[in-house]
Amino acid sequence: MKPWKLLYWFLCACVLVFLLAPIAAIIPLSFSSGSFLTYPLPGLSLRWYEEVLGGGKWLTALGNSLYVGAIATFVSVILGTLASLGLMRHKAWWSEMLKLVVLSPMIVPVILIAVASYFFLAPLSLTSTYSGLIIAHTVIAVPFVVVPVITALEILDPNLARAAAACGATPGVTFMRVTLPGIMPAMASGALFAFAASFDDVVIALLIAGPDQRTLPREMFSGLRDSMTPALTAVATIMIVFSTTLFLLMQVLQRRSRKNSQIVR
Amino acid sequence: MKKQVIATIAGAVALACLGSQALAQSRDLNVVSWGGAYQDGQKEVFFKPFNATGTKLTDEAWDGGLGVLRTKIKGGNNTWDVVQVEADELEVGCDEGLYEKLDVSKIGGASRYLPGTVHACGVGAIIYNLVLAYDGDKMKTAPNGWSDFFDTKKIPGKRSIRNGAKWNLEVALIADGVSSKDVYKVLRTPEGIERAFKKLDTVKSDLVFWKSGAQPPQMLAAGDVVMTTAYNGRITAANEKDKKNFKIVWKDTPYTMDSWVIMKGTPQKANAEKLVEFMGRPENQAKLPKFVRYGVTAAAAAPLIDKSLMGDLPTNPDNLKLAFAEDVKFWIDNGDKLAERWTKWAGTK
Amino acid sequence: MLTRQRSALLLPLTGFLLVFFVAPLVWLLSLAVREAEVPRALPRTLSVLQTWQPGQALPPSLFPGFAQDLAEARAASTLADAARRLNYEVNGVRSTLMRAAREVSSAPADTAFNQVFFASVDPALASPEFFAAVQRAHGPFSAYYLLAAFDLARNAKGEIEHASEANRIYIDVLMRTLGISASVTVLCLLLGFPVALLLTQVTEKTADWLMILVLLPFWTSLLVRTAAWVVVLQKEGMVNSLLMRLGLIAEPLTLIYNRTGVLIAMTHVLLPFMILPLYSVLKGIPPHYMRAAASLGAPPVTAFFRVYLPMAAPAIVAGSLMVFILAMGYYITPALVGGGSDQMLSYFVATYTTDTGNWGLASALGLMMLVTTIALYALAHKLSGGRALSMG
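Protein chains in written order, with the numbering used here: chain A, 1 to 265; chain B, 266 to 614; chain C, 615 to 1006.
Take the hints with a grain of salt, since some may be wrong.
Pairs of lysine-lysine, DSBU-like flavour, derived with a Cα cap of 35 Å [claimed, not checked]:
1) B:K509 to B:K308
2) A:K57 to B:K308
3) B:K555 to A:K57
4) B:K594 to B:K534
5) A:K2 to C:K897
6) B:K506 to B:K572
7) A:K5 to C:K819
8) A:K57 to B:K476
9) B:K371 to B:K609
10) B:K508 to A:K57
11) A:K2 to C:K996
12) A:K57 to B:K539
13) A:K259 to C:K819
14) A:K57 to C:K819
15) A:K57 to B:K552
16) B:K594 to A:K57
17) B:K534 to B:K512
18) A:K57 to B:K366
19) B:K405 to B:K555
20) A:K57 to B:K586
21) B:K446 to A:K57
22) B:K476 to B:K308
23) B:K602 to B:K403
24) B:K371 to A:K57
25) B:K469 to B:K586
26) A:K57 to B:K405
27) B:K313 to A:K57
28) C:K996 to A:K57
29) A:K57 to C:K897
By construction, these hints were calculated from the structure, which means they are not laboratory data.
With the sequences and hints as input, model every part of the structure.
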């Protein structure tokens, strides 16, 4: 049994290495002083970070990504939370249908969403605008808000709301002071997922964004095809750090939410 | 109920703000070229100085294909103003009404440019060759031309060609024994086209495709291919910038001219004409070969160009002797059909 | 909560999605069955052809109207689209039509535009086959693009048959897309199942930490992961240098711009999507079944295959279908690490939308993609007992 177990652990370790190695492998390249993407490194230098962060297309792209992501997330959270309130604990055929429609951007291949948005938004002069990109990103981001928020709403003890009503609170006050705090972690995690969805999107940006709205992944895509310098790895490292931070934040939030629901029970 | 109403109104206001932003945005002048080292050179010589004259300019890169331009016009909301296009794209696009008619007086007058470079819809920008390139450090003996390119037994290894029928059919025929003088005569026959595709089939399993001009030097540098077709200027630029030892074979290579066009219906037409005029000035054009070795089209530019660069220019008589001119009419007549055939050929094993 | 209140809450999102998601998709799919290029460019021609049958001789009244249509369409820039559309049926007629329009526009004022005139421009323009194609393209609805997406076409008589050899690739592309997705799914299963299993067997705390290792790549941008593979798999990249350093190979392997690269990169990207659903279901399988099997004398391997696997089957199916569906829709990864013959359906949809401008075919292929995806999702939903849509 022992050798089997060892082999088994080794296999799992290999898979985990496979998952993480490529990502880890490009981080040191961003500190290379040469202009090629090969090991061994000729020397260490921060020149690529200077190039990326020192202004120019990368910084603009980062700014665009953050701007579009923030607004798309904001709109998604509002629309998604409202819809979740409307869909929770409702078993009618039309709300099931609606749930399907709301979640379907997760099912439909993103290339189709991108192409459809392109055909639809271009005659409305919304392509090559921030608004068009934000709209399309909101479409794919909303499901990420709805799923955790509906779950959180349905886990929340309904007796709390009834108790509040019994104490004389209007539905508005009940929402603000009883429901909202309860679902806040879920909303936050939905917001993080939504932001990640927008930030990470390439395909929609490829089809809809104009030269002024180029997002970071869009710029990276061109870089991967056009000129591959370690500047790309510097951008990649920045994005890895960024998403790792988001991820760790998510973990914290999820633990908080778990504690929350335990208190509520 | 009040909560819901407030929320709905808030949502509507947010969307309205987004909508008004769409209306409020005005566009900068946008120029589109081929990217990579070439566009880097253009940035130094044309775009940045033009920006400094006060008109804001953004630049983008593309990889060609008239369909892209057709789609941009058809889809509405086109943001490309000045685009550099290949010779057949200039003709066909002009015919289809994709470009504004060019008023030569606004770009410096016909006498400023070399004969044959001014067109109803555009003005010539650069003259360049599609050459055979290889890494001089890795391959000590030079290949003898296209027949070696298609001979995987003599020189094993992967080759890279542009993803498109243009120029690939010609060099395939030359490798099959057709002289560069007769290439287009043969290609005008259906048997000629079959012969070209058959020759390409012989190396298909060793072929990698490039789309943007920046890829061939990268592929050579990474060792992904042993030989590649490439634009001559990109190879010399890689040698200079990245200290490479890439070599060029000029024999039997096609040369052609790219032109600047102004897209139809652009709201920036006046600025676009200003830009084209700026890029047509001899003193500006003379600075380009230092960055990329392409022939330029302003008549008075030649004496201003550094003599030491002349050897690498396509317009150098020694290089012109070895090369052959692209038959633009052939590609005008057959471009679309062969492009489709190529897409299918390239997309299957 | 009252229905009225629910409706008010649902209105913003529903309205938003209806306008910006459902409507565009429906519009896109409608492009697959519509065509308006030829009616827009050649209205008079079509109206004369309405009473014409392909077997008959061409009416003389056809040609003056045809000439007028050509001249006007050329001026209005609508001819190019119609010419391209007709070129699919009559090979080579695109440039012929453009040339004819040029000649009509520049002909002297008293030229008689009749059959002789057009025959002198090009015999095709005076032929019944050409005008039969024009008649077939009268729209507004047409099965033309849908047929093309399945490698079918109508011949001169109007019957459905296989498209010409050169045009017959989309079924291949569909098979290729399904094949690559299936391969990636199998690879993810082989690599992901042990890890998911391990996660269920270690303590909660260890599982949490291991999970972070699995989720970290999941949270990293798809583009960053793909870029990492582009760098790592190059001929002079890390994998090759490592293998050569270890003496395992003499020549660098070609790991990129081919099917190998695509499979490696896509497996890497989709592995977390297999591990997460697998783990969330396997977590719920009580361990006492395996203990019972052991106590009844079954060796561990037998117990695994006959007791555990059947219980894990729904998880395997759910994870596999999820990976398969995602793989089918991928565009970025194959575009960056694959070669010409590794491109999947999404590539063609994108290329036909932006590069070729053949929106009808792009939509038809998109319809193909969507139907396949929805069918698979319905299957996943059914097989996993309604859990397919939940986020692990």
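The hints, checked one at a time:
This hinted pair checks out: K509 (chain B) and K308 (chain B) have alpha carbons roughly 23 Å apart, not beyond 35 Å. With a C-alpha separation of about 13 Å, the suggested pairing of K57 (chain A) with K308 (chain B) holds against the 35 Å cut-off. Using a Cα cut-off of 35 Å, the hinted pair K555 (chain B) and K57 (chain A) holds, with the two alpha carbons roughly 24 Å apart. Restraint check for K594 (chain B) and K534 (chain B): satisfied, since their Cα atoms lie roughly 29 Å apart, inside the 35 Å limit.
Among the hinted pairs, K2 (chain A) with K897 (chain C) is consistent with the structure: their alpha-carbon atoms are about 24 Å apart, no more than 35 Å. Restraint check for K506 (chain B) and K572 (chain B): the C-alpha separation of about 20 Å stays at or below 35 Å, so the hint holds. With a CA separation close to 20 Å, the supplied pair K5 (chain A) and K819 (chain C) stays within the 35 Å bound. About 22 Å separates the Cα atoms of K57 (chain A) and K476 (chain B), which keeps this hinted pair within 35 Å; it holds.
This hinted pair does not check out: K371 (chain B) and K609 (chain B) have alpha carbons roughly 43 Å apart, beyond 35 Å. This hinted pair checks out: K508 (chain B) and K57 (chain A) have alpha carbons roughly 26 Å apart, not beyond 35 Å. For the hint pairing K2 (chain A) with K996 (chain C), the CA-to-CA distance comes to about 40 Å; that exceeds 35 Å, so the pair is violated. The suggested pairing of K57 (chain A) with K539 (chain B) holds, with an alpha-carbon distance near 24 Å, which does not exceed 35 Å.
For the hint linking K259 (chain A) to K819 (chain C), the alpha-carbon distance of about 16 Å falls within 35 Å, and the restraint holds. As the CA atoms of K57 (chain A) and K819 (chain C) are separated by approximately 43 Å, the hinted pair breaks the 35 Å bound. Restraint check for K57 (chain A) and K552 (chain B): satisfied, since their Cα atoms lie roughly 24 Å apart, inside the 35 Å limit. For the given pair, K594 (chain B) sits about 39 Å from K57 (chain A) by alpha-carbon distance, which is inconsistent with the 35 Å threshold.
The suggested pairing of K534 (chain B) with K512 (chain B) is violated, with an alpha-carbon distance near 41 Å, which exceeds 35 Å. For the hint linking K57 (chain A) to K366 (chain B), the alpha-carbon distance of about 33 Å falls within 35 Å, and the restraint holds. Restraint check: the Cα-Cα separation between K405 (chain B) and K555 (chain B) comes to about 27 Å, which is no more than 35 Å; the hinted pair holds. For the given pair, K57 (chain A) sits about 42 Å from K586 (chain B) by alpha-carbon distance, which is inconsistent with the 35 Å threshold.
Between the alpha carbons of K446 (chain B) and K57 (chain A) the distance comes to roughly 46 Å, so the proposed pair goes past 35 Å and is violated. Restraint check for K476 (chain B) and K308 (chain B): the C-alpha separation of about 21 Å stays at or below 35 Å, so the hint holds. Taken as a hint, the K602 (chain B) and K403 (chain B) pair is broken in the structure, with Cα atoms around 38 Å apart against an allowance of 35 Å. For the hint pairing K371 (chain B) with K57 (chain A), the CA-to-CA distance comes to about 32 Å; that is within 35 Å, so the pair holds.
Simply put, K469 (chain B) and K586 (chain B) have alpha-carbon atoms about 30 Å apart, close enough for the 35 Å limit, and the pair holds. A threshold of 35 Å between alpha carbons decides the hint, and for K57 (chain A) with K405 (chain B) the separation of about 40 Å lies outside it, so the pair is violated. In summary, the hint linking K313 (chain B) to K57 (chain A) is supported, as the alpha carbons are separated by about 14 Å, within the 35 Å threshold. Between K996 (chain C) and K57 (chain A) the alpha-carbon distance is near 48 Å, which puts this suggested pair outside the 35 Å criterion.
Straight-line distance between C-alpha atoms of K57 (chain A) and K897 (chain C) comes to about 46 Å, which puts the hinted pair past the 35 Å bound.
When held up to the earlier numbered hints, the structure conflicts with 9, 11, 14, 16, 17, 20, 21, 23, 26, 28, 29 and fits the remainder.
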